[in-house]
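A.B. asks: These protein sequence lines map, in sequence, to chains A and B. Following the working numbering, the numbering of the first sequence begins with 37 at its first residue and continues without gaps. Following the working numbering, the numbering of the second sequence begins with 99 at its first residue and continues without gaps.
Errors might be hidden in some of the hints.
What the hints assert, rightly or not - Counterexamples of contact, computed for chain A against chain B with all Cβ distances above 10 Å: (1) N199; (2) G201; (3) R240; (4) A301; (5) A302.
Said to hold, decoys possible - Covered by chain A, according to a simulated footprint, are these stretches of chain B (three or more residues, beta-carbon under 8 Å): (6) 99 to 107; (7) 145 to 156.
Unchecked claim - Computed, partial: chain A to chain B, Cβ under 10 Å: (8) M37; (9) E102; (10) G210; (11) A212; (12) C262; (13) G263; (14) T274; (15) A303.
In short, the hints are calculated from the structure, not lab data. Model, not experiment: these values are computed from the prediction. All C-beta atoms in this analysis are idealised placements derived from N, C-alpha and C, irrespective of residue type, glycine included.
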Amino acid sequence: MPPSARHFEALGTTCSLFVAGAPGEHLERGEAWVRALQARLTRFEPDSELSRFNASAGAWIPVSEELEDLLREALRAWELSGGLVNVAVLSAMHGIGYRRPLREGPSGSIAVATPLPALPDVLEVTPGRARLRPEAGLDLGGLAKGWMADRLARRLGDNALANLGGDLAAQGAGPAGDGWPVEFGGHTVLLRDQGAATSSTRKRAWELGGERVHHLIDPRSGAPACGDLGEVSVVAPTALEAEVLAKTALLLGSGEAPAYLDGKAAAWWLLP
Amino acid sequence: MPAFVLKAGATLLTLLAAAASAAYVSSHVKNGAAPLHPAVLTAQVHAADVEAVTSTYAS
């Protein structure tokens, strides 16, 4: 019996949810959960929890359980990536004109890029509270998608898959009992309690002032990444880990990426 | 054999070789987006000959 499926637009992309052997109404609740969290974690709405945190001007402020967990995961991602996955990227995003959803187009002009600060130097998290250095701002972007996919797959049940714009988490044995069949690098692979993600410089790219820019910022320069990889896909124990590994590998480039991924990723695919 | 026949034959051979080469390279254009290597699948991932329900992709 094929799994129940639900497809919808959220998080600036297409989302797909699947459950096997369970009622489809789980999926409707899953979509509502995605939309509710999107409203809290977007940087484009001034009243979102993330925007209020970004505007907190160095003060300790209470944070929800979800934002606290995500901030802790962001700090872990910074460690796992050797500083290459850094969510303190808001000023760099503004510097390339990415101030609003891309469907509304870029705005402003390109600013001079500067290296990003180390995340632990600007972000502190304690139980129930967090503090951000005044000049710093966060964009949780792909990290939030991976984190949400992991949580959502578990919320949907013992046998479910959540795909939030390519960041996907597969929970349980899948529709036929041997894993969830997912297209990956020209193969169909069977994922069971695993995640996958793709990082790319090809999407969310635009022209500003005659220059082609994209959203994937290299923290070492504060400018869009310009390495020899254009896209990296990874399978890892969770969608969040896959997201971090894919972005790090893309920034490392084809020379260092395979050694970095070996032992951390279950599968990877590198494209120029 | 007259010299002009040899010259014409050599010219014709050269032109044919150039045309064949042009045809070959035009039909074997490098795909700039081709993967650097095939996907690497470790023992933690199994491939199967079944239809996928979804995929990972850039968004």
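A.B. asks: Does each hint hold? Answer for all of them.
C.D. replies: Now the hints, each set against the structure:
Against chain B, the non-interface label of N199/A is violated: not every CB pair exceeds 10 Å, the least being about 5 Å. Consistency note on G201/A: stated as away from chain B, yet its beta-carbon is not over 10 Å from all of that chain's, at 3 Å minimum. Not every CB of chain B is more than 10 Å from the CB of R240/A (nearest about 8 Å), against its label as outside the interface. The claim that A301/A is not at the interface with chain B is violated, since a C-beta of that chain comes within 10 Å of its own (minimum 8 Å).
Once the 10 Å rule is applied to beta carbons, A302/A is inconsistent with being away from chain B; the minimum gap is 4 Å. Look at the region 99 to 107 of chain B against chain A: 0 of its residues bring a Cβ nearer than 8 Å to a Cβ of that chain, fewer than three, so the hint is violated. Only residues whose C-beta sits within less than 8 Å of a C-beta in chain A count toward coverage, and the region 145 to 156 of chain B has 12 of them, enough to reach three; the restraint holds. Below 10 Å, beta-carbon pairs count as interface contacts, and M37/A has none with chain B, the closest being about 13 Å; its hint is therefore violated.
For E102/A, the interface hint is violated, the least distance from its beta-carbon to any beta-carbon of chain B being 21 Å, above 10 Å. Checking G210/A against chain B: minimum C-beta separation of about 8 Å stays under 10 Å; hint holds. Taken as an interface hint, A212/A checks out: its beta carbon lies about 7 Å from the nearest beta carbon of chain B, inside 10 Å. Taken as an interface hint, C262/A does not check out: its beta carbon lies about 16 Å from the nearest beta carbon of chain B, beyond 10 Å.
The beta carbon of G263/A comes no nearer than 12 Å to any beta carbon in chain B, farther than 10 Å, and the hint placing it at the interface is violated. The beta carbon of T274/A is not positioned within 10 Å of any beta carbon in chain B (closest approach about 13 Å), and the interface hint is therefore violated. For A303/A, the suggested interface contact is upheld, since its CB lies about 4 Å from the closest CB of chain B, less than 10 Å.
In this structure, the hints that do not hold are numbers 1, 2, 3, 4, 5, 6, 8, 9, 12, 13, 14, in rising order.
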